[in-house]
Each structure stands twice: as structure tokens, then as C-alpha cells.
Amino acid sequence: MSDRRPLFTLGVSTATRSVLRLAQPPARRSLPGLAAGVASAASAVALLACSAWLITRAAEMPPILFLGLAVVGVRAFALSRAAFRYLERLLSHDAAFRQLGALRLGIFARLLPLAPAGLSGTRRGDLLTRLVRDVDDLQDLPLRVVQPLATSGLVAVLSVIGVWWVLPAAGLTLALCLIVAGVVGTLATAALSARSERALAPLRGALADEVLEVVENLDVLTAFGALEARLNALAVVEDRLRRASLRSSTGAGVQAAVISLCAGAATVLALIAAIPALGTGGFSGPALAVVVLIPMAVFEVFAMIPPAISAWRQARSSAERVATAVPEQIPAEIPAADAVPREDSRPAVPQPGRALIELTGLGASWPGADRPALAGVTLRLDAGDRVHLAGASGAGKTTLAQTLVRFLDYTGSYRVNGVEARDLAPSDLRRVVGLCEQRPWLFDDTVRQNLLFARDTATDNDLLDVLARVGLADWVIQRGGLDARVGERGALVSGGQAQRIALARALLADFPVLIVDEPTANVDTGLGDTLVRDILSASADAGRAVLLISHTPVPAGLITSTYTLTAGSGLQRDPTPGEALVP
Amino acid sequence: MRPLDPRLLTHASAARWFLLVGAVLGLAQTLTVVAFAWFLSQSITLAVGGSSLESLATTVAALAAVVILRAVLVWLLEVAANRGAAAVKSQLRTAVLARLAERGPDWLAGQQSARVATVVTSGLDALDNYFARYLPQLLLTAIATPILVLVMLWQDPASGITVIIVLPLIPVFMILIGQATQVVQRQQWDALQRLSAGFLDVVGGLATLKIFGRDRRQTARLASLTDEYRGRTMKVLRVSFLSGFALELAGSLSVALIAVSIGLRLVDGSLLLGVGLFVLLLAPEAFLPIRQVGAQFHAAADGLAAAEEVFAILDDDEQPDQHLSVGRGDRSDAAAPTGPPTTLSLQAVSVRRGDAAIIDRLSADFAAGQLSVLRGPSGAGKSTLIGAIQGFVPYDGRVLLGTMPVTEDDDRDWLAWAGQRPGLFSGTVSSNVALGARVTDDALVRTSLAWAGAGDLDPALRLGVNGAGLSGGQSQRVAAARAIYRCVATDCPVLVLDEPSSALDTDAENALIDGLRTLAGQGRVVIVVSHRPAFVAAADYVVHLNEVAHV
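Those protein sequences? They're chains A and B, same order as listed. Residues in the first sequence are numbered consecutively from 426, following the working numbering. Residues in the second sequence are numbered consecutively from 290, following the working numbering.
With the rest of the complex left out, here is chain B (with noise of 0.2 Å):
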């Protein structure tokens, strides 16, 4: 693992500054560590010496002016690695959700939306202890530990080469303990996923076991499975806390032997008390740094591995596929094509995913004035045309409005849609269906909700995140009535619905189709996606898709 990611400081410049900030916070520290350790021993050997505490108060006072700056400092680098923390996720927050926005929805259908939202989100949190606990000691370890290691050789050369020579050994210690145990540890960790995914298995399927009558066997398999768990980890672990030991060895050792050498020279009187006790001082001081960045360790590592994630997705240049042979329209050409009643053409519109082609030279028109019906198996791959005549799904051949071809970076003004995910957000149903309007048409959004066959539900009810509080059907009819209001209130010239009606029951699914057939009547070349037998029953034109031969 690199102890700082360099893309961490290319993709979020307030990282850079909290490096800046920090790296001049953390001299100051190191800095008011020396004078403290100064202070301190010499105040003890003058005392020792005979001095009164009111000749002494000057340095005691010194001493206590230290202790308070030294926790301003302190309080001063937390502030600013808070911060850093906040800044830098707030910078790569923004950076991804441009990105996906730029690389549009077929892209991330590649990806795990969920995990995306985790990942920009609470993934993202993993950061605070990266900034608040690992990078302000890896400074100080950079730049309090030449500086006192230097103090040290200065006043008392013998202690200094003593830590000279132990210093280095901790880094190499953990290497060679964090290889040995790295390829155990991380089947360990998989173990312990496996573990966790287990207990979760059998809590989401114990409404299964019971009706099987098997629930209380799970008791003994859960305990045998633990207790195996913990046997494995326990010989791992016998190993991986072996770096820990070496690391705290190595800095109370080399405390003692410095101690112990200081001591005898002490006795010869080839020292003086006030060196001895200072350098005694200091010694801790230069290990603290290095021990806290392998103490902080796992905070270093989950909060790279969430900037990681960042980083996938922010450095992912592979490009799509470009449309091979779109035909490209004069701009000109493409302005909102209203008024009379145009077709929907497909010329040989072929798409692939891989090497595997899901849609192969399929050629159809759509009338305006028509209701179309869609069909086929299911990996037919129909969402697959309708992603690519919305310019989603990259495509070979070409897509026709009338006569204009429509292009890729179009903005789908002529458009109105509704996926077979009906894809609500908080806020009222009205304000679900009058998504992207600028102003809400109230006698609008009534019409098309009871043209979706959901003139029974009430605009100004309020729906929670991801239009939580419908059911199923209603929220298919609500997007079904927001493909509808954008139709009518912009006037595009074609609809698309897929799979509208899945969830519906008869009634709301007849009233459905009068709807369509209404705008249908209207001049718009109306599509469906649709399996069922009413739908195909009220079509005046049905495209059958068959799953594309293998040759």
C-alpha cells in the first residue's frame, strides 16, 4: 500500500492545501516537543541542583507558556485535517457525480448503482479518519523524527546513533510480518465475509427454513461455523500481531537501552544530568510518530480503498463505442420537429455488447397516429433498441424521425419515455409528473395520470425517496403518466413505454391503452413494450423481436 495516493492530491486540490497546512503545523509541534523536553530537564536537574522554585520560575513558566501552545498546535492540526476531510470529500463527491453525468446512463448500467451512491456517500466517510488520525502523523513522521533524531545526535551522539539504527528496523519489521501473514490475513478476511454473509443468509431465509421446519437446526450450524471461524483467526492472528509486538519492542528497547547508557555514562561523569534527562525525553518522541502511522494503519487503508473506488470511476477512460454509421443531421435540420405527423424509422439498427450482438440489423417504421406494440422473449433485447433510439446504447445503422436522422448528443426534445423501472423521487406525484417542466400544468398532470389509468390518485401526495409509499402498479402508472405529460405538454412526437403494465390489473391497464390510443389520435407515434394480450389486442402494429440467431 502507498502511504499517500498521488491522484488524491490531482483530484481534490484541498488536499494539497492540508498537506501544506499540516506540514507547517507539524514543525511548530515538533518544535514545542524539543522545548518541552528542554524545559522539563532543566528544571529537574537545576532542582536536584538546589535551586528554589522562585529561581526556578522562569523556566517552570516557560515551561507551562509550552504546554499551552503545544495544545493550541494540537487542536489546531485536528481542525485542519476536519477540514481537509470535509473539503476533499465534498471535491470528489462533485467530480463523480459530473463524471456520471457526463458518461451517461449506459454507462452505469455497466456499473452497481447502488454501490456507486455508497461509494460517493458513506464510502466516502472513510476518509475522515485517513485525514483526522494517518496523514497528520505520517507528517510528523517525515518531519518531527529527522528533527529530533538530529537534536539527539547533536546533545548526546551515542543515544543518537542508537536510534538511528532501531528506527529503520520498525519499517523493515512490519514489511517482512505484513508479507508473511498478507496472503493469510487476506483469505481471513474473505473467511470472515463468508462468515457474515452466511449469518445474513440465514436471517433473510428464515421465513423459508420455518416453513420447512428446518429453522432450529441453524442454531448448531451457525455455532460450529463461528467457532471454526475463530480457531483460523486465532492462528493468524498469533502471526499478524507479531508486527505490533515489534513495533512496540523496538520503541520501549531502544527507550531502555538509551536509559541504560545514559545511566552508566552518568557514573563516570562523562554526562551531565540535564543531556541525560533531555535526550531521555526526546527518545520516545521520535518512535511516537512512526507507532502511531502502524497503529493507524487500517484507517489508512480503508480510506484509500474508498479514494480508490473514487478513482475507478473518475480515471475510467475507456471509451464507449462510438456509433459507427450514425448518419449525423445538420443541426439545423434537428430543431423540434412539431406540427405534422412524422415516422419513426429504424434502418438496420444493429447493437452489441462485446462480441455478442443483441440486436442485429433490425429494420421497422412507426407510423405516426399508430399504437405500436413491441414484443419478444425476454434478452430479446428490447429495452436494448429503446436505450439505443433514446441515444443511451451506442447502435450501427440509423434511426430516422421523418427524414432527419437523429444523432447521439440530441437532446431528445422529441422524445417522451418510460422505462420499465419507474424511477420516482421524493416530492409530490404531481411534481413526479411534471419532471423536467418548468412550470406544473395541474389540469395536465390530472389528464395524463388518468390516461396512465391512475386518475384515482392524488397529485399533492408525497412520496419518499425513490417514490417510496406506492405500490408497484402505481408507481409504473405514475411514470407512465409522466412519459405521458412531457408528451403532450412539449408536444414530442414519440412515446415510449416499456413494459407499462406489468404490475396493472385489468381496469387500470384498459385505461391505459384508451389513453394511449388517444394520443396515438392525436398524430404520435405511440410504442410499447408489451407481453400482454390486451396490448397486443389494441395494437395496429406489432414488431416481433426474436432472440438473434447464433450462426
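So here's chain A without its partners, still in its complex pose (with noise of 0.2 Å):
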């Protein structure tokens, strides 16, 4: 890896150095394109002092010839500037996308085991896309941080080098300067912006907030009469961030001030050093215009730094977020991942009359809760069996999904098959056990391609006869067969649809243990029923489990038993089974 210099590793935690290490390309891929950097920057400052050298060295009115190298070299720094400019982008742009693809999948290597139980705050949609935007604006680092600060910095000390070969003391002048404005110029003033952030961020926060309180809830704040109360209350706390902006405004010109103050001074201070040494040492007129207008090219390199490092602290946060949001470490209630899948490890075929699946005493626990969200569970499905689990919201009945699932580690004993769950991969697992979410999450793609990612052997007959049998056999005809989009996050398809395809799916798969974890959660109310109907119709199979989680009453005569989930103590089997509950 490159650039592991000391500022990467300031005040930056290792978890989230390891993030910013995947986003930055290794060296041999990121070298060509500082290379070319350096090379279009250092043009830049040579074009300005050969064209005051030759400005000079020509009023001293020399034969003509003694001018030619000057001449050439003036448009040739010009030409090399623009030209290496133009292959610094493309190279870096270059090395920044390949390892694009390097950072993505680090990131999903790491998101593999933790999905989806561990990864803690990102179970919100929007935080979701939050960290995927995160990811994405790792790409800065390279392109925005990495490369600039290399190039300004490696051309400012070649620069310094260069006027004290000619005059140590305009070195000496330049290199302090330079200093002064690194130090002063970047490093103070990053403190003082830094101090306005913490200022106006948590007003940001509180507008933000009221904002999105009125815009989603105008209907409820217009039928209460209370919008002109909940608008004033707003513009209290807009005034009051306009007016904290407009007081950190004054400390954000001050950077570019010192930079400029910064780049004068060198101009004035290399005069100041040069004047007296004119006619010592060789020290003539030309060399005199070099060394002073030097620093003016060298300070314009200087201003690609102040951007890099306000990049810096963006790709920081970004890596902070990622880091804290994809921890490497995976928490002890979420299963080890296989080392490597199995293939046809599946458990033994199921044997009638011994239970599918056997639960004594199970409990499990949420990543960072304090206590258990499931304790002391005993159930036994066979094969057959359709059982309805009803339990007051927070009760654990997800809780419990994630675990048969393996999404989850647990507590007590849990067996498949007669084998015990912990012996087994989680992915093999899987293959006994299967679950429609609560939220069925939709690709967006075809409903073909939805429904074969299940069994990709798949024909279309067999994803028509597995639509007819959840009832989307008029659905899938009238959208235009199974090409018809889903659209994103399966925006284009209603909640009782989408759990509908998610069945589907599950019945493809062919799992001999289903769980449907709260179908009816998203669908307006008058489907409900009829979808929980379908769903156990369809399902039903002599060789399969039926785990259906439910707050809601489920018709008679379509499950075998009912049991309830109270939170902290366990499950207990309902007297009257598919009977509404009666409490």
C-alpha cells in the first residue's frame, strides 16, 4: 500500500484505517498517475521561471543564439504542462476506478457475515443508502486527497530545492513560507472550521428534522390547525442557523488569506534576499527574476492543498461510517460464516414421523442488546404440520425467524433433522429451512429473474405454474409475462404482490421447512386475510413445515396448531388451534 504517511494516520481509528486502505490503489497502479502530477506541476513552475529568465537574460541584449534554449524550453514547459495534466487525470482516474471495484467488494466481504442481524442501524433503508453513498465517495480519497497533497507536496520541496541551489537564502525564505502557510494556512484553520462545524451541525440536525416532520406530515398539521405554530417554531430554528452560518462565515475566508498573505511575503522576502546578493557569486539579473517569481508558481501548486484536506476529512467520515456500520470484528450472537460452502452437505432427507425441527429451551440475542430477545421457546414442527405463532408486537416472534434462519446465534438447543444447528454450516442450513421476510426484498430485475435466482434449472412453465399456485397467475398476464420489472426495492409491485413473488420463490426452492414471518405486515388490510389463505393453501405440502408469524387471527382450518410467543417466557400452545385468540 502507498502513502502511509503520518497525516492518514492522524486521530484515525485502525478499524477505519483498514476501510481507507481498501480505497486507496497500491502503489505500482497509483505511481503513473503521480508521476505525470508531478511532472504537469513541476512544468508549471519551470515555465514561469525560464520565461523570466529569458525576459531578463534578453534585456541584457545578448546574441541572439544564447537565448535559444530559453526560447525552446518556454514552449516546451508549456505544452508539458497541459499534456501531463491530461495524463495525470486519465491515469488516476483510472487507478481510482479499478480499485473502485476492489473497494465494493471489500466491503461486501465483510458485509457477507454480518447480513443481515449485525449490521447494527443500518436495518433503515435510508441508512443503507447512506452507506452504499459512502462507499461510493471512498473514491475521492485517491483522485481528491491522495494524489493532490502528493503532487504539491513533492513539487513544493523539488521548488525549494531548486532556488536554494540558486540562492540559499530565497530557499530559506520559500521553505518558510511555504511552512507558515501549511501550518497556519491549513492545519489552524481546518481547527477553526472544524470548531464552526460542531457549531452548525446539530442546528443542520434540528432543521433537518423539523423539516421533514412538516413536508411528511403537512395533512396531519393542516387538519389539527397547528401548521402556523409548527411553521413558526420552524423559522425559529432556521433564523437561528442562518445566523450561527453567517458568524462562522467570517472565519472561512481566512485561509485563503493566509495562503495569499503566505505567497506575497515569499515574493517580498526573496527580493529582500536576492537584491543585496546581485553581482556575489555569480548571482546576475536573470537568476535574480528566477528566484523571485519562482514562489509565485510554487504557491499556485500550494492551492490544490486546502481542498485535498477538507476531501480528507469528507473520505474520513465516510471511512468512519463504514467502518462503524461494517464492523470487521463479527459480534458473538451472529454465526461464524462456513469457511468454505459445502456442496450436497445438505441434512438428511426428512424421515416421517421424526421432527423437522426440535427447539428446547431456545433463546437468542440482538448484536449491542443487553438482554435477550427470545428465552426458553420449545417447539416441535414435523412434517405436515401448519403452525400459526401469535404474539404481541416485541414478543420476539422475528426474533425467532432470524434464528431458525441462522441469521442469529443461539441459546439451548436446536435441532434439524435430529442434527443440531451449530454442527451445521448456516448456508446448509439454509437449504432445509427457508423464510419469507417480513419485508421481501425484490431485485431490481424481471420477475423471471426473481423467481430464478431460486432454482435456476427453472422453466418458464415452472415459474408460470408457481405463480399460478400464489395466485399471480392473471397478475404476471396482465403486466406482460414474466419480462414485466419489478422496479427498484419492488416500487412497482404492492406489498401483497411483492409477498406473493417472495413465496414464489420459497416454494421454487423447495424448502421442507418454511417460515413467513408477518406477510400481511404491508398490505392494506382487506387483503390480508385472503393473502394469509393463499399463502397456506399454496404451502401446503405433505412433507413440508408451515411456521406462519402473525399478529393477527388466522382462519380456521388452515393451520394445525397456534401457539403464543410472550415476551421472557417463552412459547404456549393455544387450546383451541386456528380459533381466533381470545385472551
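The hints are simulated quantities; they were obtained by calculation from the structure and are not laboratory data. From a predicted model like this one, the values you see are computed outputs, not experimental measurements.
Restraint ranges, calculated between C-beta atoms of paired labels, are given here:
#, chain 1, residue 1, chain 2, residue 2, range
1, A, 554, B, 475, 18 to 26 Å
2, B, 298, A, 488, 57 to 65 Å
3, B, 760, A, 893, 32 to 40 Å
4, B, 523, A, 843, 51 to 59 Å
Each residue gets a CB set at the ideal place from its N, CA and C atoms; glycine is no exception.
Take the two lone chains and join them into the complex the hints point to.
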């Protein structure tokens, strides 16, 4: 890995650093771009130096032959500055894009064992979007942070050496001004802007919350006659933010002013150092022009540093967020992923009369939670069982579902076909136990692709058959067949249709044990009962066990038993299976 | 893209103020640039000519003074830009929110509310860079470049003419290259969005992929997608970076041309060193602003795109369909109808969306003292009908409260309502329940919660933004309690609840039904949109809303 210079480790945790390392291309890829960048910036400095020498020397009226080299130099540097800049941008973008692939895969590899239960805080859709955007923003690290910092740093050092070689005193003043600009102009002003950001961020957050509430609940506020009061409250927050922004604006220009001042000072000091030296030790007029004018060009290159530093701050906070959302360490509550996915190690074929699933004193916790979300659950599922699991919200119904497919680790005993689940690779267990999630995820693709990944050998006829079983035969014809798209996150299908597609997927995969988690949670109430009825009849099979999780009553006759889950006290079998739960 | 959208000046007076201040500061900055080049070239010329540092003290001191002045002006311009951005953002934000309040919920429903919220908060932050980086350079291009060119023409016409010839080539090149790559760039941008969305799709569906044992295959797919994208993007970049190349080349090559031409004329004595150096120092400055404008193009595009979205909201003048035949009651009749029980009657109410009638001439009488249930398949327009009763949705026909017509600009003091979405706010449960009330009646808050089946909820419990911290069922009950509170506290004759129990368990639902029966018993019109058998069983009156038959 290249460029692990101290600046990049200052105030950065190990976890963040490992994310940053994923984003930075290796040296062999970033060096060509860096070399072109240095060549371009050095050409810019050389162009001014060469022009200054040419003009001052020409004023001494030498034979024109003596100027030939300088004339060629001026033209060459003008061309090479633009050409190398073009090359720099191409090479560095190419390296950054190559790294983006590695970065995405690296983050994905970390997400794999964690998802879904271990992605703390990313269960909300917008936070997930944020994570993905952060990963994309990390592209800026090589392009807008490392490249300009390295380029301008190197060229500044080279220029100081060059000026030093002509006149040590001028080299010294240039180095001094660069250091002052670097320290005061970047670090000190960075502290200044960090302070104003600390003052502004909470105000900005408060305003965003207020605005979101007003905009999303405009109907409520209007209906309750509270809109005006609310807008007034918002105006107060808005005004506070505006005044804080105005206050912090005085600090905003300090950086640019300091750099401008240092650049000017470098020129003035070079004059003061060079004028007395004129004529001593072969220090001539043209050399004076060169050492006096070079600082201007160097500071133009130096101007790349402040934006690079603010880009660095953004890249760092992106990396911090990614590192927090996707920890490298897998929490204890998540079962370790199987090292190598084994082929054909599917647990033994279910035998009649033997329990498919047997839970004894099962408990489970979510990562970071201080107490278990599930405790003391004992349940047996045989082939042909259709069990309704009821319980108030918060009783741990979804936790149980996530535990049964081994997204969460468990305490107690959980046997599948007589084998303890801990002894099975989670991915092997998931060939036996399948789940229709509360919010089934549909991929932004066709209906066909959304079904095929459950069984990629299925023919179109198989797919149409299974869609008919889940009651989507007419719908898919109406939509124009299997090639109909479901839209981003299933935006083009309703909640009930999404559930049906998810069920069709599960039926294609032919799981011996199927868990259906709250299928009616996102479905219009009137359609819920029909959906539950259709799910239970479509999945009924002598060889399959179905566990339907639902807080609402289930129509009688479709289920073989009902259990109620109560927070902390496990499962209770209801006396009258299939009837509405009477307290 | 227009460099400066005139609507920005119309909608935000702070932008006009900034342009004025920026122009004055830009002019002053240009003068310091000229003075700096002048004093510097004089110092060098005189020193080369043999003057000592002591005899040059005044010139060098003047140079130092210019340096300080220049730094101060740089600071002032940045401060002005930051203040301008803050003030403009604030003005636009206020204008958008006022506009939203004016247009009402039905108009907002046609937008994406989350997007609107983003536009007025973080979306507007794109204006920061537009003001801080782009506009000052645009101003300088308009002010500094002509002044510098004039000074050069005056001092050395040959150099001035070189600049005059090269300068216009820059925008011409940029426009030509920009046009050549615009389509490809747009496609590329879309591809980037798709790629990012594709990654999001895979990450979001990771649980599903794991369930079906397909998680590991995605690695290869992601790798090939990204690599393919890189190949295509680099092809485009090779062309679009050419515009940057043209900029750099025009700038540096004209400096080179000027330097060589000055050098040659110095050799034959037709030009003085002082003039030559002065012009050499001015030449790059003449190109600097337009180079910066080119470099800050993206800052400008993002800022203008953000402003564009705001203007789209502010300038959306499309009038909603007017209530065509709403009987407009005399306002003197429209005093809060308290006292004797009244009936809410719908007479031939129709709601149209575009050409389709969602509700076609519906008539119904909801009597006081009764629990009425409104049911029908989803899409039959139940919530739309409620919106019409509220006056949020334009309709034809008449809505009467007793004998008095309900009008569009009614302040709805006769109606208490809870929608399908709970729509809660940050604050305590109690402050949510008593929304809109001047003083909070704690006892009534408790009663309302109990009647809504949420008697176990602590009124002092604090909720996060949008009511975060409550389960779906709890939020629904708090929303119902809020409607009940308003109904009792302001004694309004009509209570409407839209799907209040879709996430409730049986106990809570029964408690809610009991509460609503009590309210109806006090002589109110109580209308509930629900499918739940328990509600239908408890209803005195059921209206079944069918999908409108398409003839």
C-alpha cells in the first residue's frame, strides 16, 4: 500500500484505517498518475522560471543564439504542463476506478457474514443507502486527497531545492513561507472550520428533522390547525442556523487570506534576500528574476492543498461511518460463516414421524442488546405441520424467525432432522429451513430473474405454474409476462404482490421447513386475510412444515396448531387451534 | 447551462446583494493584481539596473502593502460569498415552506415528500460551493479579465492582442468539446447511478440472497459490473478531459507566446524590461478567472440543479381543479356547529384524478350517534373520499354538515381526523395527543389514550423524529387518541379514523371500538374506514365503496 504517511494515520482508528486502505490503490497503480501530476506541476513552475530568465537575460541584449535554449524551454514547458495534466487525470482516474471494484468487493466480503442481523443501524433503508453512498464517496481518497497532496508536496520540495541551489537565502525564505502557509493556512484554519462545523451540525440536523416532520405530516398539521404554530417554530430554528452560519462565515475566508499573504510574503522576502546578493558569486540579474518569481508559481501549485484537506475530512468521516456500520469483528450473537461452502452436505432427508425441527429452551439476542430478545422457546415441527405463531409486537417473533435461519446465534438446543444446528454450516441449514421475510426484497429486475435465483434450472412453465399457485397467474399476464420489471426495491408491485412473489420464490426453492414472517404487515387490511389463506393453501404439502408468524388471527381450518409467544416466558400452545385468539 | 439563473435573483434578494458586494470586491482585487505586478516588475528592473535595497525600500514597502491589501480582499470576498450562500439558502427555504403550506397536502402528495424535504435541507447545501467557488470567479471573469487585457494593450499592444485572440478560443473549445461529449456523459452518469443502485440492490437484498444460498455468487457479478463500468467510463473521460486540456494549453501556451515575443523584442531594444516583466506577470492573471470558472463547473452545475428543484416548487403555478359545484355557505352559518346532533351528508360527491373518476357521484348520510364504517377494496377511493371531506382533495358535489355546506376554505374546526399514516412528531406522547391545542388537559390525554386502546402508554414518554420509538400499532393508537382528544377538547361533531386498527391486536381493537361507541353515544358522527370484522360487526351503518366501473 502506498502513501501511508503520518497525516493519514493522525486521529484515525484502526478500523477506519483498514477501510481507507481498501480505498487507496496500491503503489504500482497510483505511481504513474502521481508521476504525471508532479511533471505537470513542475512544468508550471519551470514555465514561469524559464520565462523570467528569458526576459531578463534578453534585456541584457546578448546574441540571440544565447536565448535559443530558453525559447525552446518556454514552449516545451507550456506544452508539457497541459499534456502531463491530461495524462495525470486519465491515469489517476483509471487507478481510482480499478480500486472502486476492489473497495466494493472488500466491503461486500465484510457485509456477507454480518447480514442482516449484524448490520447495526443499517436496518433502516435510508441508512443502508447512506452506507452505499459512503463507499462510493471513498473514491475521492486517491483522486482528491492523496494525488493533490503528494503532487503539491513534492513539487514544493523540489522548488525549494531548486531555489536553494541558486540562492540559499531565497530557498530558506520560500521554505519558511510554505511551512507557515501549511501550518497556519491548513491546520489552524482546519481547527477553525471544525469548530464552526461543530456548532452548525446540530443546528442543521435539528432543522432537517423539523422540515421532514412538517413536510411529511403536512396533512396532519393542517387538519389539526397546528401548521402555523409549527412553521413559526421552524422559522426560529432556521433563523438560529442562519445566524450561526453568518457568524462562522468570518472564519471561512481566513485560510485563503493566509495563503495569499504567505504567497506575497514569499515574493517580497525573495526580493529582500536577492537584491543585496546581486553580483556576488555569479548571482546575475536573470537569476534574481527566477528566484523572485518562482514563489508565485509554487503557491499556485500549493493551492491544491486546502481542498485536498477538506476532501480528506469527508473521506475520513465516510470511512468512519463504513467502519462502524460494517465492523470487521463478527459479534458473538452472529453465527460464524462457514469457512468453505460445502457441496451436497444437505442435512439428511426428512424421515416420516421424525421431527423436522425441534427447539428446546431456545434463546437468542441481537448484537449490542443488553438482554435476550427470545428465551425458553420449546417447539417441535413435523412434516405436514402448519403452525400459527402469534404474539404481541416485541414478543420476539421476528427474532425467532431470524434465529431459525441462523442469522442470529442461539442458546439452548435447535435440532434440524435430529442434528444440532450449531454443527451444521449456516448455509447448509438454510437449504432445509427457508424464510419469507416481513419485507421481502425484490431485486430491480424482471419477475423471471426474481424467481430464477431460487432455482436456476426452472423453466418458464415451472415459473408460471408457481405464480399460479400463489395467485399471481392473472397479474403476470396483465403485466406482460415474466419479463415485467418489478422496479427499484419492488416499487412497481404492491405489498401483497411482493409477498406472493417471495412465497413463489420459496416454493421454487422447495424448503422442507418454511417460515413466513408477518406476510400482512405491508398489505392493505382487506387483502390480508385472502393473502394468509392463499399462502397457507399454496405451501401446504405433506412433506413440508410451515410456521406462519402473524399478530392477527388466522382463518380456522388452514392450520394444525397455534402458539402464542410472550416476551420472556416462551411459547404457549393455544387450546383451540385455528380459532381466533381469545385472551 | 446558464452561468447564472436569473430566477435566483428574483427569488432570493440576498443573491442580488452578493453580486453587488462581490463586484465591488472583485474590482478592488483586480486593482491589487495590477499594482502587485507593477511594483514587482519595477523592483526587479531597478535591482537589475543596479539600485540597492535601500534605494528600493519604498517600492518594496509598497509591494508589501499591496500583498496585505490583497489578502484582506481575498478574505472579504470569501466572507461575502459565505454570507451570501447562508442568506440565500435561508430565503429559498422559507419561500419553499411557505409555498408548501399554501398548496396543501393534496398537492404535496403528488410530489415525493422525502425528496422535497431533502431539497430544502441538504439539497440546498450545494449552493455553498456555487457561491464560494463559482460565482466569485464568474464575477472576476467579467471584471478582472477586461481590465487586465486593457492594461496589457496599453503597455504592450502585441501581448494584449495575443490574449484577445486566445481568450475567446477557450469558451469556444469548451463548448465544442462539451457538446461532443454531452450525450455520452449523460449516459455515463446514468450508468454510474445504475451501478451504484445495483450495489445497493445487492447489499439490501443480502438476507434474501443468503436464504437462497446465492450470496457468494454476487462477488463475481459485482466485480464484472464495476470493471465493465470502468472500461466504458475511461473511454468517455479520454474525450471529456480534452476540454480541461484545451483550457490549460490555451493558458500556458499564450504565456509562452508572450514571453518569447517579449524576449525577442527586448533583444533588439524595442521594449523595456520593466514593461516586459509587467506584461508577463499580468498575462496568466488574465486567464486565471476563466480557468477557475471551467474548473468549478461541477460546483456550479450542482448548485444550479439544487436551485432548479426549488424553483420547480416555487414556480409550479398549475392550479388544482377547482371545486366545481361546491355550495359555498355564508360564512356566518359556518360558525362552529356545536350543540344539537347533526348529520354529515355527502350529495353526489365525485373525485377525479386526471380523466379517471375515482369516486363517482357518491351519496351517503352519516348520522350523529352512530358508528359508521366505510369499507371497500383497496383502490376504491376510501382515503380519497376522506381527503375530500377534509377539503384537501378537490371534488364535485356537496358535503353538508347538517344543513350547512362545508367549504374548501373552511378551517375544519368541526372535524377530528386520524389518517392511515400515524404522522407523529418528536416530543412527548402527551404533546402528540394534544397537537393543536393551546393548553394540554392531562386528564383528557389519559382518557383519549385509554379510549384508543393505549391506556398502558406513558404520556410522558419522549418520541424521536416522526414518532420514532413506538411500534406500528402503538403509533396508530396515539394517532387515534390525538383525533379523540381534539374531538372532545374542541367538541367537534365529526370524528373520522382511516384504518385505525390495521396493526392492532384484538384487545386494543376492542378497546378502541368501545371508545368510539362512547363518543358516538355523545351525539357525534363517527366514521371509521376499516375492513376488520370486529369493526363491521360493531357498526350501526356500513357504506360499501366499490371500484368505479369503467364504462
